[in-house]
Structure formats: structure tokens, C-alpha cells
Amino acid sequence: MSLEPLRRGRRSGSDHSREAILVAARKLFAEQGFDGTSLRQVAREASVDPAMVHHFFNGKDELFASSVELPADPDEVLAGVETLEPGARAEALVRAVVRLWESPAQPGLVAFVRGTIGSKAKTALLRETVSRTILSRVMVGVQGPAEEVRLRGNLVATQVVGLMLLRYVIRLEPLASADQEEVVSLVAPTIQRYLTGNLDSPQVSAC
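Heads up: the sequence shown runs through residues 1 to 207, numbered per full-length UniProt numbering.
Among the hints, erroneous ones may be present.
Stated by the list, open to error - Below 20 Å or equal to it, Euclidean Cα-Cα: the simulated PhoX-like pairs (lysine-lysine) are: (1) 122 <-> 60; (2) 27 <-> 120; (3) 27 <-> 122; (4) 60 <-> 27.
As the list claims (entries may be wrong) - Simulated DEER-style distance windows between Cβ atoms: (5) 171 <-> 61: 47 to 53 Å; (6) 140 <-> 39: 23 to 29 Å; (7) 16 <-> 79: 32 to 38 Å; (8) 62 <-> 16: 29 to 35 Å.
Note that these hints are calculated values from the structure, not bench results.
Backbone N, C-alpha and C fix where the C-beta goes; we use that ideal spot for every residue, glycine too.
Full structure from sequences and hints, please.
Take a look at the structure:
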């Protein structure tokens with residue numbers, strides 16, 4: 001009795017369909033943001049049945065996370081930060097960022113950031129990621145008008161992103177070689193001010 005030879009390679013177009021969905025999702029998330037993109041739109045852009053999207057991804061959040069390809073899970077990195085009172089949150093946030101970037105995940109994080117710079121689509125995805133998956137956690141419970149809270153979140157992001165770029169990507173000295181505790185003590189007060197402090201511009205006296 002003869003046996004059928006083993007078939008090698010892809011057995012179906014499933015891998016192709018999943019990649020097509022991810023390509024479509026990256027495009028739409030970058031152009032329209034998370035809230036402006038629906039799974040049905042993604043399916044249409046990828047030329048697949050909407051059921052195929054649900055087959056590969058358990059909802060829009062999972063599709064977004066897979067599209068961005070973050071080198072670390074924000075839920076794990078920021079675990080416990082959002083449960084702290086806003087007035088005591090900055091130091092924990094800086095420690096979480098430093099701990100992540102000085103872990104084995106650092107090469108992947110550096111590659112992710114460098115791959116984002118200069119790409120309009122990837123920058124748009126990163127902006128959506130920072131807003132949805134990071135700032136939404138960091139700003140929980142911060143009081144004030146919605147526009148002010150958004151501004152505070154933006155200012156927090158300037159410090160966190162700036163720290164990551166200068167210490168770990170550009171490696172600007174002496175910040176790059178500074179002790180972890182020194183970094184925390186220097187950066188956290190500014191982030192805490194942006195979170196809950198006075199945002200009024202200091203008065204400059206005329207000479």
C-alpha cells in the first residue's frame with residue numbers, strides 16, 4: 001500500500017489572512033485611531049469575512065495590541081501604579097519605566113522606538129498606544145476639567161518619553177550613566193507636578 005507524501009508548507013490561506021488583517025488594522029488605526037476603527041472596517045480593508053477577524057483576534061483590544069507589536073505588556077509594566085493615589089503616583093511610574101528599560105526587554109524596546117521614528121504611520125500608532133494603553137492608566141483618578149487632565153497627561157508623556165529616548169536610545173551623558181535612584185529622584189517630582197501640581201506659568205519679574 002502506498003502512502004501519500006507529506007505536504008509541506010502552508011496547508012491553508014489562514015496565515016495570509018491573519019497578516020492581511022494586521023496590515024489593514026495598522027493602516028486604519030494609524031489613520032482613524034482606535035475609537036474610529038471598527039472590526040468590520042478592518043475586515044473590509046483586508047478583503048476577508050468579518051468572522052475571520054474574530055477567528056484570529058478576541059476583540060478590538062487584542063487586534064490593536066497585535067498590530068502595534070509592543071515589546072512589553074503595559075498591564076504588567078504598570079501593575080499597581082494606577083491603584084496608588086494620584087498624589088503619590090509619579091515615583092512608582094518612573095521606577096516602572098526604569099525597571100522595564102533596564103530589563104532583558106531593552107533591545108526590543110530600543111528597536112521599537114527606532115523603528116517608529118521617521119514613520120508617519122508607526123508614529124500615529126505609537127501616539128494611539130501612549131494615549132490608550134499608558135496614559136489612560138496613569139491618569140486614572142486625576143481631578144480637573146477634561147481638557148486640563150488631557151494636558152497633564154501630555155506633559156507626563158513628555159517626561160517619560162524624553163527619559164526613555166535620552167537615557168536608553170540616544171544615551172546622552174551623564175543621564176545615561178546615572179544611578180537608577182538618582183534618575184527617580186530627579187524625574188519623579190516633575191512628573192508629580194504635571195500629575196497633580198500647579199500648572200500655572202511662573203511669573204517672570206522684569207529686570
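Each hint tested on the structure:
1. Distance hint between residue 122 and residue 60 is fulfilled; the C-alpha atoms sit about 18 Å from each other, no more than 20 Å.
2. Of the pairs offered as hints, the one joining residue 27 and residue 120 holds, with about 11 Å between alpha carbons and a cut-off of 20 Å not exceeded.
3. As the CA atoms of residue 27 and residue 122 are separated by approximately 9 Å, the hinted pair is consistent with the 20 Å bound.
4. Our distance criterion of 20 Å between C-alpha atoms is met by residue 60 and residue 27, whose separation comes to about 14 Å.
5. At roughly 34 Å, the beta carbons of residue 171 and residue 61 sit outside the given window of 47 to 53 Å.
6. For residue 140 and residue 39, the hinted distance range of 23 to 29 Å is satisfied, since their beta carbons lie about 26 Å from each other.
7. The hinted window of 32 to 38 Å between residue 16 and residue 79 holds, with their beta carbons roughly 36 Å apart.
8. In this structure the supplied range 29 to 35 Å is violated for residue 62 paired with residue 16, their Cβ-Cβ distance being about 20 Å.
Hints 5 and 8 from the earlier list are contradicted by this structure; the remaining hints agree with it.
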